[in-house]
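Enquirer: Listed below, chain by chain, are the residues.
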Amino acid sequence: MYRSKILAGLLALGTALAAVGCGGEPEGSPGTIKVGLLASLSGTYQAIGTDMRDGFQLYLRTHGGKLGGHPIELVVADEGDGPPTAVPAATKLVKQDRVSVLTGIVGGGSAAAVYPVLTEAKIPFIGANARPAFKDVSRVWHTSYLSQETGASVAQYVRDHVEGSVYAIGPDYQGGHDQLKGFTDAFTKAGGTLANADGKTRFTPFPTTTNFTPYFAQIKASGAKAVYTFYAGTAAIDFVKQYSQSEIKDLPLYAAGFLTEGGVLNAQGDAARGIYSVLNYSPDLDNAENRSFVAAWKENHDGPPTTYAMASYDAAAVLDKAIGAAGDNPTPESINRAIGQLGQIDSPRGAWQFSKTTHSPVQKWYLRQVRQDGRALSNMVVTDLATVGK
Amino acid sequence: MNQVDPYLIPALDGVAYGLLLFVVAAGLVLSFGVAGILNLAHGTLYAIGAYVAAILSDGSWLALLLALAVGVGAATAGGAALSGMLAPVPRGDHLTQALLTFGVALAGGSLLVMAFGAENLPVRVPATVDRPVDLAGHAYAGYRLVFIAVAAALALALHAVVTRTRAGMLVRAAVDDPDMVACLGVNPERVRLGVLAASGALAGAAGVLGAPIIGPGPSTAATVLLLSLVVVVLGGRNGHSSVVATLVAALAVGQIQTLGVALAPTAAPFLLFAAMAAVLAARSHGLIRRWSPA
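If you're matching them up, the sequences are chains V and C in order. By our numbering, the letter at position 122 of the first sequence is numbered 177, and the numbering carries on one by one without gaps. By our numbering, the letter at position 262 of the second sequence is numbered 274, and the numbering carries on one by one without gaps.
The set of hints was computed from the structure by calculation and includes no laboratory data. Cβ atoms here follow ideal geometry from the backbone N, Cα and C, with glycine treated the same way.
Anything over 12 Å on all C-beta distances counts as not near chain V; from chain C, calculated:
#: 1; residue: Ser72
#: 2; residue: Gly96
#: 3; residue: Arg176
#: 4; residue: Met192
#: 5; residue: Asn199
Some, not all, of what chain C presents toward chain V, calculated at C-beta under 10 Å:
#: 6; residue: Asn132
#: 7; residue: Ile226
#: 8; residue: Gly227
#: 9; residue: Gln269
#: 10; residue: Thr270
Chain V extracted, bound-state conformation (with noise of 0.2 Å):
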């Protein structure tokens, strides 16, 4: 009670000092707003963040550095490997540097922990990847997905496609969990069984496991006629590589695209070439803005662009809209209504809306498989999935 009362005069202190501020602008032009963008910068995670915030930063620069009309100061700040960098560095964000809204956010403990930073300050969150369970969602945004969308997309065709039981194996953490929960509940549903000894998922620890072969052996015994997995990082470059040479090599491979996405197909090279993964982009897209998005990244970066950055270039996307709809002088309180009231996004993905109750995009998936694109490996598209959400 007390507190909130000190918040609202605190509140009202900004909103007038923030008037004053305007006072010396020339009548009519839009003032400048303040945008913290939080993403691994160093650590694990440092090719994730550094591609969400090359993301953010290529629309901004092929937007004339505005969005919704009004000129943009991103602040960006380096979530490194978790919460103990990261909430340190959003704090500063919300409190040195008063930004409006945050966008970014590599990793699920990073987001849940810099969540209550963000509810205190009353400041929308436009999260571009990890998502964990929040109690309220009323401010909180994401451009990804959902983990258990991943897997859920691809379940009936990998039912319509297999001729037999699949075997299904994954990290032993909460986002593995939810990466394989969503394939296995969906798959089960179709009518598909699982090759698994008891009909559970096969967890291997995390991150101590390098070496997959005994588990290969296994797959080989249960008689599976394809395997469906999620790995990201250096435990999907050795799960691909050690998978091209183990007895299961001709064994059909689906996976969550994480596998065989950005950096990590660099590393696995051949030994990736025919493996199907199921994710909401690829730079293949046939459309216009993914042809536009694909041709802008390429003039400052070798490979093609990631999902990462993808949803990172939504953030901004969908800034700019809400923005532009939140009134002449936009608050963090009326640029949070305003992204509610958003309707179809136009992406590098195909259009896709912010779902009404969960506040993370209904969108459509694809199956993808890594094929010869020129030179390089790429994932290309095979077919549409289903749209997921609701």
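Starting from the known structure of chain V, arrange chain C on it as the hints suggest.
Expert: For chain C alone, kept in the frame of chain V given last:
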């Protein structure tokens, strides 16, 4: 299909993995077990070798040999540089040695990431062995078979050097009685330099040859150091038998990590450390003797 068949490949792979651990840990055993120097930058020396392999490998045997020469050279130089840094540290002062070398490992890790980027780099294996080989109806990675042969040869050579040559004898003598060795006209400083350089050479060789199995990336040094320390602790004992003891320990860890996981997958998360705890509980004197100054 009979009961044993599904476990053939994990058992064979355990040998390959165990031998990799042996080559990696042998350098650490040499410096720690034989010469009493605790070198926590050992994993970083492996990473140097692995990065060299990633940069130079192009799928030919010649490139692999070149990578081996460059990687071993660089890691040997790294070991020698460490020896220089350790010169002012008194013998047997393991805490200072650990702090110093751990600092070097942290700085070295950052330098490697700055030089090669934060991504795991691909390593190309010579094309002739970059394919699965048929073994009794099972497929197994060809490179790993070659690796088993090469690592076994390295193990034999190392054992011969430590037990049969004058250099090996000097190293063991310098541990037992450095004053007497000095009286005989051999500078203990030079013995330490030699041991750390040789230990670096082993780490570099392991890095180049093992890169297709444990590849170069930001977490390589830590992974390798942890596994080597487990092998060193499990190996226990002091002095001349350490090469054999390390080989046995490394092969055991290899089997625990492969055959053990295949037999009891639900226990996989703690299998290795449970085995380590059991060994330590049964014969802790091996470890205690190791830590006391020679």
